[in-house]
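Those protein sequences? They're chains A and B, same order as listed. For the first sequence, the working numbering gives the first residue as 1, with consecutive numbering after it. For the second sequence, the working numbering gives the first residue as 341, with consecutive numbering after it.
Derived by calculation from the structure, the hints in this document are not laboratory data. Heads up, a few of these hints could be off.
Think about it this way: if two alpha-carbon atoms lie no more than 27 Å apart in a straight line, the pair counts; the simulated DSS-like pairs of lysine-lysine are [unchecked claim]:
| hint | chain 1 | residue 1 | chain 2 | residue 2 |
| --- | --- | --- | --- | --- |
| 1 | A | Lys259 | A | Lys16 |
| 2 | B | Lys486 | A | Lys226 |
| 3 | B | Lys407 | A | Lys280 |
| 4 | B | Lys407 | A | Lys301 |
| 5 | A | Lys238 | B | Lys407 |
Negatives, chain A to chain B, calculated, CB over 10 Å [claimed, not checked]:
| hint | residue |
| --- | --- |
| 6 | Gly19 |
| 7 | Arg130 |
| 8 | Ala131 |
| 9 | Asn208 |
| 10 | Lys226 |
| 11 | Asp227 |
| 12 | Asp235 |
| 13 | Ser279 |
| 14 | Val300 |
Output of the computed footprint for chain A on chain B, the stretches with three or more beta carbons under 8 Å from beta carbons of chain A [what the hints assert, rightly or not]:
| hint | region |
| --- | --- |
| 15 | 382-388 |
| 16 | 421-433 |
Treat the numbers as computed from the prediction; the structure is a model and nothing was measured. For glycine and all other residues, C-beta sits at the position ideal for the given N, C-alpha and C.
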Amino acid sequence: MTTNRITVVLSQTRSKNPGKRRLEEDIATALLLEPGIEFAVTPNVYDLSPGDTGLLYLNSVRGHLVLLSWQYPRAAHWLLDRNGISGKQGVTMLKSLGAEDDEEGGDENEERGIGPVETLDRYIFCLDLRAYDDASVYVDEIKRIAKEASVKLVPLTGLLTVSNQGDSKPDLFQRFSDLEKKGAGPIALGESKALRWYPVIDYSRCTNCLECIDFCLFGVYGIDHKDRILVENQDNCKRGCPACSRVCPENAIIFPEHKTPAIAGAPGEGPGGLKIDLSKLFGAPSAIELAAMERDVELVKDGRAAVGLSVGIPLRQAGKAATEKDDLDKLMDELDSLDI
Amino acid sequence: MSDHYIFLMGKYEAQIPKDRLYAPSHMWFRAEGAAYRVGFTAFAVRLLQDVYFLDWTVEPGAVVTAKQEIGEVESSKAVSTLHAPSDGTLLRFNRELMKDPTAINVDNYGAGWLFDFDPKDALLLTAEDYIRRLEGTWDETQRQIKGQMND
């Protein structure tokens, strides 16, 4: 194995959608023939548990890593981080779903957040498989990353470690290598899993305000020995309930499989962003009300009493009063000229 | 005496007919048999502008609770979820709108009705109260929209 190999892992869709399956197969076929690229397929990484082959494999990779998944890159990156697979966020040329032309908010957020505990000195590139239908777009981008890795990124210690550890790899890794040599198709890491549901924290945004731990009444959150928030008991989390994500003031809590982009880790802050959202005018509950309603449903299911807005509701909403005083009535006329 | 009130949105005059009741979520209610026919007020339509797409996420006959999400609307200016105006039963949807929602823009108080609804304990406003409410919340509403424009 040479030092400039990169590892590409494809996290499969949960869905039976033939279009999605085909895209996965096309990418796999192309990458298996590609020199300098180690390629593996795993069930949706979100559904994996510690000890599952897919996670063991991902953890064994010390060099640059490309993860192809059906999730927002931000969700995928912090999902890996949660599982101890850390690295700097690699910059991809591909667009993600929901990305604006220029995302400027990101940097500010990174400064606000407490950051990950420790980061391996290598790059992780998360590519969103929902963004393009054409396998060659992904294959070309991966080739570009591989090329760049072999030229510029080689001095990073992460890559050297791979070769150093080459002999002491776990057996399972060896097994996959054998499979590959026999031409047995892509390395498949385990069968598809039961669908899971739990939050993933984006530590580049999280300020450790601990509002989530106050709000969640199911004991999902905890703090580590450094008093940092963490998802301690992920399986206490209630399927379908994204309430803590709504109360998070930094939008740092991601449910990668939730239907609402802002909750599933879309870039930027609010949902959509492209158009004005009038949902509140048409009776939508506020994020806090909605979170409390969702939490109540789960409490009642567990045979506990609903608590509504009486427990763990942050007070920060107060005082968010009008910040600007200007000629508001011109707004309607401005709206007409607004190009959306 | 006029049969409607006018609420001024910039230069636009939103008409609020006096012959029906209103929900604070900008829907009108007109008695239809034992239940009510429900639609968007001129205020709502003015904010939405051209409606492109309307979808309901609950079935006709569904028993809903206040604020429950019942559908989605997309227009030239906005995309929004729609919510039950109160507890009650959604009897039927205006099927014409599913094919072509333009009646919402052309005739929001008539052919552009949204659904028939049998409310339970709904707190409905008179046209006068609705106008007063619009006046009380107009600055805040504009600020909300403006905030989104500046994001």
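TODO: Mind listing which of the numbered hints don't hold for this structure, in increasing order?
DONE: Result: hints 2, 13 break, sorted rising.
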